[in-house]
Amino acid sequence: MIKNKKTNSLISPDTTQTKKRKKTDMAQNGSNTTVKLLGTWSSPFALRARIALHLKSVEYEYIEEADVLKSKSDLLVKSNPIHKKVPVLIHGDVSICESLNIVQYVDESWPSKPSILPSLPKDRAFARFWAHFVDGKCFESIDAVVRAKDDTEKIAAARNLMENLAALEDAFQKSSKDGGFFGGENIGFLDIACGVIVGPLSVIEAFSGVKFLSPDTTPGLVQWAEIFRAHEAVKPYMPTVAEFVEFAKQKFNLQ
Amino acid sequence: MGKENGKVVVLDFWASPYGMRTKIALREKGVEFEVQQEDLWNKSELLLKSNPVHKKVPVLIHGDIPISESLVQVQYIDETWTDAASFLPSDPQSRATARFWADFADKTISFEGGKNIWGNKKGEEQEKGKKEFLESLKVLEAELGDKTYFGGETFGYVDITLVPFYSWFYALEKCGDFSVEAECPKIVAWGKRCVERNSVAASLPESEKVYQQVLKLRQIFGVE
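Going line by line, the protein sequences match chains G and R.
Numbering follows full-length UniProt numbering, in which position 155 of the first sequence is assigned residue number 155; successive positions increment by one, without gaps.
Numbering follows full-length UniProt numbering, in which position 119 of the second sequence is assigned residue number 119; successive positions increment by one, without gaps.
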C-alpha cells in the first residue's frame, strides 16, 4: 500500500493487470495521454489541426507561438527539429509535424465518428490529390500574387491563380454532389485541406480589389467558403478578414 | 465485384523516378498491370485527359478511375490491395513518422533537385545543387541509421518513395564529379538491399541507361 501524499489516504498501487489495461486503453483511443498543439493564430496550417481536434472532441492544450517568424520557442525547435514550423501536435511524448499529417494522425488515433478521411480508397486518393494541389500550386500562385513586383507580373500571377481556382471549383462540383462540402454533406479531409486558402485569399482580395472567388467564376467555392467559415469546428479558430489583413500588412510590409 | 477488380494501366516514362514508385508498389502487391510508355515531348491524348491538372506521368488508371501523383498512387495501391502486406505500419504514430519522412524525401530528393546538378556546368550553381542534395541525403541517412529499411525490418512507404532515385545516383555522380557512397555509405548499402527485391529490380532501369538519358537531356538543354 502507498500513501497518497495529498490526501494522506492509503491507495493500492496498480496491479499488473490494471497497468496493462490502462496501456491498451491509451493505445486504442489515445485519450489518457496529454495532447498539446503548438500553433499561431494566423497560421492557416495550424487551423487545420484545430479543426481536426475539435471534430474528434479531443481535449488539448493550445500553445501559441508568440512570434514564430522571429523567434522560435525551445519546445518548437525540440519537437520539430527538421522544419521548425507550426503546427506541431505533441501527444504524450510523441511529436507529429506537418498539418495534413497531423489531421490524418488525429483521424487514426481517435477513430470514433465523425471520420475525417473518406472510406473508399478512390475517394481518399481524390482528397489527397487535391489537398496536395492546394499546398503546391494554389499556395505558389497566391504567393506569386503577393510578391509580384510590377503590373505585368501581377496580371500573370492573378491569371495563374484564377486558373488554379477554376480547377479547384471543378473538383468541388464533382465531389460535393450538392452536399455543400467537398466530402458531401459533412466536413472532411479535403475541406480541412482547402480551408487554408480562405484567409490568404480574403487578404489578397482586400489588397488588390480583385475577386478571386466570385459567383461568376467559382460559384461552388464561394458558397463552400461561407459554410466552411461558419462550421462549428472552424468558426472558433478562424480569424476575421480584418485580423488577417492587419497581420499581412505587418508580415509583408504593406500599407 | 471486389474493389481490386478492374484493369490496371500505368502511363509512364521509363526513367521517371515517380513512375518507378508506382510500379514498385504494384509489384509488391502482386498486381498485374500494363505500362504505356509516354513520349514526354509528345504526350498522348489519354495522358492529357487523365491528368489535365499536371499533364505528367505517372498516371495510374484502375478500371476507369485515373489517379495522379505518385505518392497518392502508392497509398491508393496500399489501401486497395489489402491481401499483401501494407506499406505502412499499423499504429498511428509510426504511420505519421513514415508519412513525414516520405514527404521530406519527396521534397528534397527530386527530379528538380537532381537537375540542379546535371543541368548545370561545373561551377557555383552545380556546387550549390550538390550541397543541397547531399545535405538532405545525410538527414535521411541519419533517419535510416542501421536499420534494414526505413521502417525497420519491413520494406515500406519511405523506401518506395526514395529508392527510385538510387538509379539516378550514377548519373548525378558523373555530372557532378562526386561519390554518393563516399558521402552517404549507409544510403548506398540500403539501395543495394532494396534492389535485391524483385519489385525494385524490375522497376528500376540500369544506372548506365539513366546516365545516357541525362546526357541527352544535357544536350537538349544546352549544358556542356
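Hints in this document: simulated from the structure, not taken from any laboratory.
No experiment lies behind these values; they were computed from the predicted model shown.
Do not take every clue at face value.
[As the list claims (entries may be wrong)] Here are the computed lysine to any residue pairs in the SDA-like style, where the Cα-Cα straight-line distance is at most 25 Å:
| no. | chain 1 | residue 1 | chain 2 | residue 2 |
| --- | --- | --- | --- | --- |
| 1 | R | Lys107 | G | Ser208 |
| 2 | G | Lys85 | R | Asp103 |
| 3 | R | Lys130 | R | Glu153 |
| 4 | G | Lys137 | R | Leu40 |
| 5 | R | Lys56 | G | Lys72 |
| 6 | G | Lys122 | R | Gly113 |
| 7 | G | Lys174 | R | Val9 |
| 8 | G | Lys235 | G | Glu246 |
| 9 | G | Lys122 | R | Glu34 |
| 10 | R | Lys56 | G | Lys36 |
| 11 | G | Lys78 | R | Glu45 |
| 12 | R | Lys55 | G | Ser175 |
| 13 | G | Lys137 | R | Glu34 |
| 14 | R | Lys49 | G | Glu163 |
| 15 | R | Lys115 | G | Met162 |
| 16 | R | Lys55 | G | Glu246 |
| 17 | G | Lys137 | R | Glu143 |
| 18 | R | Lys29 | G | Ala158 |
| 19 | R | Lys107 | R | Val139 |
| 20 | G | Lys78 | R | Glu143 |
| 21 | G | Lys174 | R | Glu135 |
| 22 | R | Lys55 | G | His132 |
| 23 | G | Lys84 | R | Glu135 |
| 24 | G | Lys85 | R | Gly113 |
| 25 | R | Lys55 | R | Arg95 |
| 26 | G | Lys137 | G | Pro114 |
| 27 | G | Lys122 | R | Lys115 |
| 28 | G | Lys36 | R | Arg95 |
| 29 | R | Lys55 | G | Ala158 |
| 30 | G | Lys72 | R | Glu34 |
| 31 | G | Lys177 | R | Glu135 |
| 32 | R | Lys107 | G | Ala206 |
> CA of G:Lys78 to CA of R:Glu45, is that 25 Å or under?
Replying inline: Since the Cα atoms of G:Lys78 and R:Glu45 sit roughly 49 Å apart, the hinted pair is violated (cutoff 25 Å).
> Are the Cα atoms of G:Lys36 and R:Arg95 separated by 25 Å or less?
Replying inline: 19 Å, holds
> Is it true that the CA of R:Lys56 sits at most 25 Å from the CA of G:Lys72?
Replying inline: 38 Å, violated
>> So if I understand the rule, the pair passes when the alpha-carbon distance is 25 Å or less; does G:Lys174 with R:Glu135 pass?
In response: 42 Å, violated
> Hey, R:Lys55 versus G:Glu246, does the alpha-carbon distance stay inside 25 Å?
Replying inline: 38 Å, violated
> Going straight from one Cα to the other, do R:Lys107 and R:Val139 come out at no more than 25 Å?
Replying inline: 13 Å, holds
>> Hint check: R:Lys29 vs G:Ala158, CA-CA at most 25 Å. Holds or violated?
In response: 44 Å, violated
> Straight-line Cα separation of G:Lys235 and G:Glu246 no greater than 25 Å?
Replying inline: 19 Å, holds
> Taking only the CA atoms, is the gap from R:Lys56 to G:Lys36 under or equal to 25 Å?
Replying inline: Outside the cut-off at roughly 40 Å; violated.
>> For G:Lys174 and R:Val9, compute the direct alpha-carbon distance and say whether it is at most 25 Å.
In response: Measuring from Cα to Cα gives roughly 23 Å; hence the hint holds.
>> Hint check: G:Lys85 vs R:Gly113, CA-CA at most 25 Å. Holds or violated?
In response: 22 Å, holds
>> R:Lys55 and G:His132 were given as a pair; does the straight-line alpha-carbon distance stay at or below 25 Å?
In response: 15 Å, holds
Violated hints, in rising order: 1, 3, 5, 6, 10, 11, 13, 15, 16, 17, 18, 21, 25, 26, 27, 30, 31, 32; the structure is consistent with all others.
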